[in-house]
Amino acid sequence: MEKKIPIKSPSTASQIINGEAVVIVPSEQMVNVLNPVGSRIWDLTDGKRSVAEIAEILTQEFDVSYETAIKDAIEFTGDLAEKKMMDFAVKGKKKG
Amino acid sequence: MSRSAKYDPYTRIVKKTLDRLIPFTVHWEVTYHCNLHCPHCYIVPQDSREELSSGEITAILDLLKERGTLHVIFSGGEILMRKDFLDIARYARKKEFALRLMTNGTLINEIIADEIRDLHPLTVEISLYGSTPATHDRITACPGSFERSLRALRLLNERSIRTIVKCLIMKGNVGDFQRIKDLAQEIGSQFLYDPIVIPRMDGSLEPCRNRLDRTELYSLFYPEVQAVERDDDPREDDLLCSAGLNAFSISPYGDVYPCAGFKESGGNLRNHSLSEIQHSPIFSRIRSITQSDLRECNGCELIRYCARCPALAWMETGDLLGPSEANCLLAGVIKSIIDSKRERLVNL
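Residue numbers (my numbering), protein chains in the order written: chain A, 264 to 359; chain B, 391 to 738.
No lab work stands behind these hints: they were computed from the structure.
Only a predicted model underlies this, so the values are computations on that prediction, with no experimental measurement involved.
All C-beta atoms in this analysis are idealised placements derived from N, C-alpha and C, irrespective of residue type, glycine included.
Computed cross-link-like contacts, DSS-like style, restricted to lysine-lysine with a CA-CA straight-line distance of at most 27 Å:
hint: 1; chain 1: A; residue 1: K346; chain 2: B; residue 2: K485
hint: 2; chain 1: B; residue 1: K406; chain 2: A; residue 2: K271
hint: 3; chain 1: A; residue 1: K346; chain 2: B; residue 2: K455
hint: 4; chain 1: A; residue 1: K267; chain 2: B; residue 2: K484
hint: 5; chain 1: A; residue 1: K346; chain 2: B; residue 2: K405
hint: 6; chain 1: B; residue 1: K473; chain 2: B; residue 2: K455
hint: 7; chain 1: B; residue 1: K406; chain 2: A; residue 2: K346
hint: 8; chain 1: A; residue 1: K311; chain 2: B; residue 2: K455
hint: 9; chain 1: B; residue 1: K485; chain 2: A; residue 2: K267
hint: 10; chain 1: B; residue 1: K485; chain 2: A; residue 2: K311
Here are some chain A residues the structure puts well away from chain B; computed CB gaps all over 10 Å:
hint: 11; residue: M264
hint: 12; residue: K267
hint: 13; residue: Q323
hint: 14; residue: K334
hint: 15; residue: V353
Bound conformation, chain A alone (with noise of 0.2 Å):
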């Protein structure tokens, strides 16, 4: 999982007011408002970034232990996934 790229849906609409993220999923016609870490995380969100390399942003970013952000980063980011508000790819190939 933590060698795992996010992906945004491209059905997704986006922006970052304040540093708080808002996420509109057009098909469910779901506006979601992400928390500060959460919105960080879909900032960081870039299809380049591995779940790993994210977390490791955060620990210099919220000041905590990197074992607290990768295990933040892959709660919210699979939580996002169920929402089909992202995909994952792995480095070369993007998963199905």
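Following the hints, complete the assembly by docking chain B onto the known chain A.
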């Protein structure tokens, strides 16, 4: 929700955008060219002016992304009269904007419907003025337009795109209202209607001759209005609308207006920064108006039934603070219907 209640997260964000002048919603009229000839249309193309190029539009989209825009509404004219429209829309989606597309649908074929599906718009909103070619095509002055618009709605619905049939109800189609509503339901589209025809942007009141009279409005709204009392009257410090606060409109030529209906430009994006435009005299003026400034409307018995639009008042009379004839008429009709229905309930 009571005024003191806590805001839900999204409402809290919207409030933040209002407080900080973040342009959360932008209505962009990408072209004034259209292939239909509706006599009620408010748009007057300015043929001597050059519309924004693709490059200028993508640069403005970059700016809007940076400044906090989430919602972009693309309308025309007819958006697909721009040959580069789908490229523009694709770029907007790449920047993760939430799109609403307003179109007459006549240029949408299977290929374009596929392209629109891949844009994942929030909605595609198509105007239908009748349930048959006889009514619709007479209003659009374009034979075949009904069949093409209806085909577009079907193509989009088949692709699970959320579509809205929008209908301006006028003298020429009020008799067809229920059938248009039924047709929208039959094809799987949402239905929205509006009886307020707005003046032309050059100030002409000619389109308003198509407006319904009081009797027609009463008949139209009677089945639609519930016999419940409306909310409290607005407070004196209530802002009138979000125009110029967290929303504005861009013309095909780059002019920026507080909203699409209020065509007083705060500046042009070819010559002015967004910040200069947001702090221009006209934007500052419209932001400063509150309910307490509406001297004639305050104290009016219809105020709680009225959806007064400052832009409409301005278009009708040139006075932002005065009443709007169309809003007053409609508010009076709504009050009459509610009073009548409540009286009948009491007498049961």
